[in-house]
Amino acid sequence: MEALTKTVGSLQQQLDSQKQLWDGFHAPATAALGGATEAPAEPNPNASAGSLDQIQRDVDELKSAQRQVKSGLFNPDISAAVDFITSYSRKANNVNFTLRDAEVMIQSNVDQYARAYIVFNAETELAPTEKLGIFDKTSLGVEEAAIQTTNLPWGLQLKAGQFFADFTRMDKIHSHDLPFVDRPRSLTEIIGGEDASRGFELNWLVPMDHYLRLTGGVVDNIGADLPITSTLFNPDGSVHSASAFNDGANRPFQSLMGYGRAATLFDLGSGKVLHLGADYAKGSQDTRRQIASADAKLEWQPDPAKYDLFETGGEVLWSKQSGQLADQTLWQSPSIESLFNQSTGNASAAGGYVYAQYRFGKLWQPGVRVDYTHSNAFQLLDSDNNGDADSLGRLTNNVWTYSSYLTLNLSEFNRLRLQLNYVNGSEDIVPGKGRNDIQAFFQWTVILGAHKHDFAP
Amino acid sequence: MKKRILLTLASLLVSLYASSTQAAPVKVVVTIPDLADFANRIGGDKVTVYAMASGVEDPHNVLMRPSMVTKLAQADLFIVMGLDLEHAYAPALLAESRNQKIQVGKPGYLDCSRGVSVREAPTSLDRSEGDVHPHGNPHYNTDPGRMRVVIGEIAARLSEIDPADAAQFQANAKQLTAKLDAKIVEWKQKLAGKNIRFVSYHPVWPYFAERFGVQPVGTIQPKPGIEPGPRYVDELIARMKADNIRLIVKESFYSDRLPKQIAAATGARLVSVPIQVHGTKEATDYIAFMDAVVNAFAGKE
Ligand SMILES: [Zn+2]
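Residue numbers (the numbering used here), protein chains in the order written: chain A, 27 to 483; chain B, 31 to 331.
Just so you know, the hints here were simulated from the structure itself, not pulled from any lab data. Be a bit skeptical, because a hint or two may be false.
As the list claims (entries may be wrong) - Simulated restraints on C-beta separations:
no., chain 1, residue 1, chain 2, residue 2, range
1, B, Gly-297, A, Arg-116, 49 to 59 Å
2, B, Pro-152, A, Pro-205, 24 to 34 Å
3, B, Pro-137, A, Ser-134, 58 to 68 Å
4, B, Gln-291, A, Gly-159, 45 to 55 Å
Don't be surprised by glycine CBs; every beta carbon is placed ideally from N, CA and C.
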């Protein structure tokens with residue numbers, strides 16, 4: 027009991043000192059108006075009720091002061107996400123339960139100059155046509171960790187560390203935040219997954235009445251290199267492909283990748299906002315890699331008094347990579363090995379996607395998406411038909427993916443989604459089982475803790 | 031093109047020059063139109079005011095527009111209601127603006143909730159308690175008494191930013207407060223002795239209820255921001271019948287499907303009510319907005 031009294035006493039002291047702080051902080055407001063209170067100047071027949079009111083107000087104010095002090099404490103914002111997906115491929119007759127993403131994000135101001143964030147995650151690739159065991163295609167570690175300035179002048183912001191580069195519209199978005207279950211094939215093929223990069227990025231909100239944001243960066247790479255060979259299959263159906271550009275043993279300055287993005291928004295009035303963007307990236311030396319893209323998005327809120335929201339958008343992308351080919355140990359035939367080690371070659375890819383979705387009220391959001399991906403790479407040829415590859419030839423693959431999806435937003439933090447993909451390629455989609463496939467996905471995503479809405483141009 | 035760039039540069043220089051002298055009006059950005067109304071009346075011709083929300087939308091759900099960022103980037107003062115009312119758009123836009131003057135904790139950032147007593151502050155934070163009122167009820171603009179404090183805060187902050195015009199700000203604030211005080215007496219009289227008990231769609235009215243003695247007895251949303259299931263609606267109807275609740279208050283931006291259904295089942299009067307300035311056509315400024323609210327609660331005589 028005594029201890030309790032002590033605690034209460036010290037609590038009271040804390041409250042008092044907080045109130046003093048609070049009053050000090052507050053002084054200009056109350057002093058200026060001769061103490062503006064919530065009680066209007068009116069004849070009050072019941073004085074004691076008035077003073078009770080005042081006491082209640084003081085208590086409330088203390089509570090609110092405490093609340094404000096509390097939320098200003100040094101604990102960083104912590105949030106987490108779980109993204110669980112059930113996938114089914116009809117041609118492969120395969121069901122996967124995939125924990126695509128389990129991530130924890132910590133972010134906070136560092137001091138008056140910078141803020142920083144770290145994203146730890148375990149991420150598993152979505153591969154509906156392959157039977158995945160536990161931890162197959164799983165990567166575990168630090169997905170992003172970056173420092174960002176907060177007080178550079180002239181609308182500048184500098185970021186350093188490992189981060190998703192501000193490059194293209196959709197590829198910098200974490201997979202569980204995408205409007206669809208799967209990342210469009212064109213993005214995965216052409217950029218190589220998310221915009222994961224390490225380096226420096228400077229972006230500038232141009233100080234004028236029209237919204238224009240320019241980004242430039244120097245990083246080691248964005249995403250992953252183009253595969254030099256199209257996905258090839260051994261006679262037994264196993265996958266036979268590799269990224270086989272010679273990387274070089276070191277990384278001279280010239281081989282870093284430079285990129286830029288310009289993004290602008292137009293307020294078209296009556297609830298319509300148009301986003302436009304364009305990007306270019308180039309790396310040189312051992313492998314000359316180039317990526318160019320353009321994107322657009324239109325948001326339309328037909329009635330601001332309702333939750334309905336129409337959104338349509340898309341991107342077109344192009345990429346080319348050339349350089350010295352290298353043996354990646356997959357090649358069993360000595361003739362192929364030597365062929366690879368002596369040649370220079372290139373791979374290219376182009377494509378894009380468009381989507382449209384409509385949110386009816388708060389809960390339901392159906393949508394459709396079409397993706398086209400064209401790739402041009404090498405394939406292994408078996409000219410003498412002896413079962414062993416003996417030469418290289420060109421192979422192009424064109425894949426169309428038609429998707430429809432339905433999102434159910436149970437709350438801001440809990441989301442269910444069903445998606446159906448019809449995939450049609452000029453090469454086998456499922457090894458040995460044909461050039462098309464129907465794939466179904468069921469996704470359940472939840473977010474825990476602090477949830478920040480992003481403004482992502 | 032070249033000419034345009036030159037013009038832009040010139041206007042940049044002009045604005046830089048203007049900001050270094052105190053003659054230019056204080057650029058104020060606010061979230062909801064209620065705050066715009068106050069800022070305009072207090073600041074007069076010494077301020078320019080931009081409101082992010084139009085007023086007809088759910089204040090928790092405002093579409094982010096590019097002009098909001100560019101306005102914030104140039105603002106001297108950003109005024110918010112706080113308590114996470116603007117969680118869906120204000121923090122993201124503020125970060126994107128990169129304007130050092132108006133970041134949280136700086137003199138150019140005014141969170142009006144810091145001066146008012148907060149109701150329904152949760153004792154523990156748990157997301158199963160609904161997803162939009164984590165710091166207590168943010169709809170305190172329905173209480174003109176608390177908005178008196180807000181008027182004082184805005185006047186004080188404007189005076190801090192533009193001391194040369196402080197006297198004018200204080201005079202305007204005093205005038206506005208006096209006008210509001212007179213209206214509060216009138217509104218109280220209108221609602222006095224009516225013993226109004228009501229069900230609303232979203233928990234918007236605890237402050238209004240406290241001020242004017244009306245009694246909220248339930249909400250159509252079981253938790254803030256959460257839509258009800260059929261069983262909950264049946265229970266609500268049964269409860270309303272048992273307690274003889276005669277009024278359903280639908281905040282203007284919600285669909286009237288459920289409220290109509292409940293009104294038909296209970297025989298209660300259904301009114302659509304703005305919850306902020308410009309929420310409906312008649313709510314042209316703060317006093318007109320409160321007039322509309324009070325009239326809706328009081329009903330036609
Ligand atoms: Zn609310």
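Against the structure, the hints:
1. B:Gly-297 <-> A:Arg-116: 49 to 59 Å: Holds: the Cβ-Cβ distance is about 55 Å, inside 49 to 59 Å.
2. B:Pro-152 <-> A:Pro-205: 24 to 34 Å: holds, 32 Å
3. B:Pro-137 <-> A:Ser-134: 58 to 68 Å: violated, 23 Å
4. B:Gln-291 <-> A:Gly-159: 45 to 55 Å: holds, 52 Å
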